[in-house]
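Novice: Each chain is listed here by its residues.
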Amino acid sequence: MIGKSELRISCATDASRVRSLRHALEEFLRVFRLDDEFVEDVLLASGEVLANAVEHGAGAEGWSQVELVARGIDGMLAVDISDSGRFIERERVSGRGFGLGIVRQIARSVTIDAREGTRVRMLFDSRLNQQT
Amino acid sequence: MSAQSISVIKLSGELEIGRRAEIRAALHVGGGEKAFLIDFSEVTYADSTAVAELVRFHAEAAAAGVPVAVVIGNRQFARLLQYAGLGDAFAIFDSRAAALTFLSGKTA
Chain A
22 MIGKSELRIS CATDASRVRS LRHALEEFLR VFRLDDEFVE DVLLASGEVL ANAVEHGAGA
82 EGWSQVELVA RGIDGMLAVD ISDSGRFIER ERVSGRGFGL GIVRQIARSV TIDAREGTRV
142 RMLFDSRLNQ QT
Chain B
92 MSAQSISVIK LSGELEIGRR AEIRAALHVG GGEKAFLIDF SEVTYADSTA VAELVRFHAE
152 AAAAGVPVAV VIGNRQFARL LQYAGLGDAF AIFDSRAAAL TFLSGKTA
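Line order of the protein sequences matches chains A and B. So for the first sequence, the working numbering puts the first residue at 22; every next one is plus one. So for the second sequence, the working numbering puts the first residue at 92; every next one is plus one.
Only chain A is shown next, with the shape it has when bound in the complex (with noise of 0.2 Å):
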C-alpha cells in the first residue's frame, strides 16, 4: 500500500526534465511493488501530462515550473502535475492530438483545474493492480 507516503517534486520545464521526473516517478512506486503494467500506464500518462508541460507550460511572463506530486488518496494512487501554463489553450495549438486521450484511457478520472496556471489530477486505482 502507498498509505501516507509522498514523492513531491518541482523543478524548471525543460524537456531534457521529463525523463528524470518520470524515472523519479518509476523509482516512488517500485518501492511499494505494484504490477508491472499499472506502472508502467501511470508513467505513461504521467510522462504525457509532463510533456504537454513542457510543450506549453510556460506562463505569460516566461516563468516556467512545473511540479509532481503523488500519493495514495483513499487507496487510489494520485499523481497532479501542476505548472503555469493553460491547457485549454496548449491543447488547441499542440497538433500532437494524442496525448490527454492517451490519458483518459489509462487514469480512472482526470481532472483539469486551469483556474491558475494548470494543475491536472490523474487518479489511478491501485488498489487493483496491485501484486498480493
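Derived by calculation from the structure, the hints in this document are not laboratory data. Mixed in with the good hints, there may be bad ones.
To be verified - Chain A stretches covered by chain B per the calculated footprint, using a threshold of three residues with CB under 8 Å from any CB of chain B:
(1) 56-70
(2) 120-131
Said to hold, decoys possible - Heads up, incomplete: computed chain B residues facing chain A, CB under 8 Å, no partners named:
(3) E107
(4) I108
(5) E113
(6) A116
(7) S139
(8) T140
(9) A143
(10) Q167
(11) L171
(12) Y174
(13) A175
(14) D179
(15) I183
Beta carbons: idealized from backbone N, C-alpha and C, even for Gly.
The hints should help you fit chain B onto chain A, whose structure is shown.
Specialist: Here is chain B on its own, set in the frame of chain A:
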C-alpha cells in the same frame, strides 16, 4: 526484394519529448527508398511524441508508395499504440525476420 534494398531505421532507448528532434530526423523519407523497416526492438519506453512522428513518417512513406514494417519488442510501446487507437494502423512485427518476410512479399 533483397534485404540490401530495404532501408532500416533503428531507434532504441526511451523515445520521448526530449528526443523529438532526433526521432523526427531519423524517421525521414529521403526519396528512392524501396521499403522501410523501422526497428524499435530495443526501445524501452515510448510516448505520444514517438507515435506522432511514426504517424507522420508512415503517411509520408505511403504517399511515396513505400511499404513500412515496424518491429516492436516492448509491450509498453504496443499498449501505447492501442491507447492511441492505432493498434491496427501499422504493419507491426515482433522480429526483424518477420518484418523482412512481410516487406519481401509486398515488393516481390
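Novice: All hints are to be evaluated individually against the structure, with a verdict given for each.
Specialist: Going through the hints against the structure:
For the segment 56-70 of chain A, the assignment as covered by chain B holds, since 7 residues bring a beta-carbon within under 8 Å of that chain's beta-carbons and 3 suffice. Given a C-beta distance limit of less than 8 Å, the hint that chain B covers the segment 120-131 of chain A holds, as 5 residues qualify and 3 suffice. Proximity of E107(B) to chain A holds as hinted, the smallest CB-CB distance being about 6 Å (cut-off 8 Å). Against a cut-off of 8 Å between C-beta atoms, the interface hint on I108(B) holds, since the closest Cβ of chain A lies about 4 Å away.
A least Cβ separation of about 11 Å between E113(B) and chain A goes past the 8 Å threshold, and the interface hint is therefore violated. Because the beta carbon of A116(B) sits about 15 Å from the nearest beta carbon in chain A, more than 8 Å, this interface hint is broken. Residue-level restraint check for S139(B) holds (minimum Cβ-Cβ distance to chain A is 4 Å; threshold 8 Å). Because the beta carbon of T140(B) sits about 7 Å from the nearest beta carbon in chain A, less than 8 Å, this interface hint is met.
Checking A143(B) against chain A: minimum C-beta separation of about 5 Å stays under 8 Å; hint holds. With a least beta-carbon distance of about 5 Å to chain A, the hint placing Q167(B) at the interface is held under the 8 Å criterion. Restraint check, L171(B) versus chain A: the minimum CB separation of about 6 Å is within 8 Å; hint holds. The beta carbon of Y174(B) comes within 4 Å of a beta carbon in chain A, closer than 8 Å, and the hint placing it at the interface holds.
Taken as an interface hint, A175(B) checks out: its beta carbon lies about 5 Å from the nearest beta carbon of chain A, inside 8 Å. With its C-beta approaching chain A no nearer than about 15 Å, D179(B) sits outside the 8 Å limit, and its interface hint is violated. Of the supplied interface hints, the one on I183(B) is violated, with its beta-carbon coming no nearer than about 17 Å to a beta-carbon of chain A, more than 8 Å.
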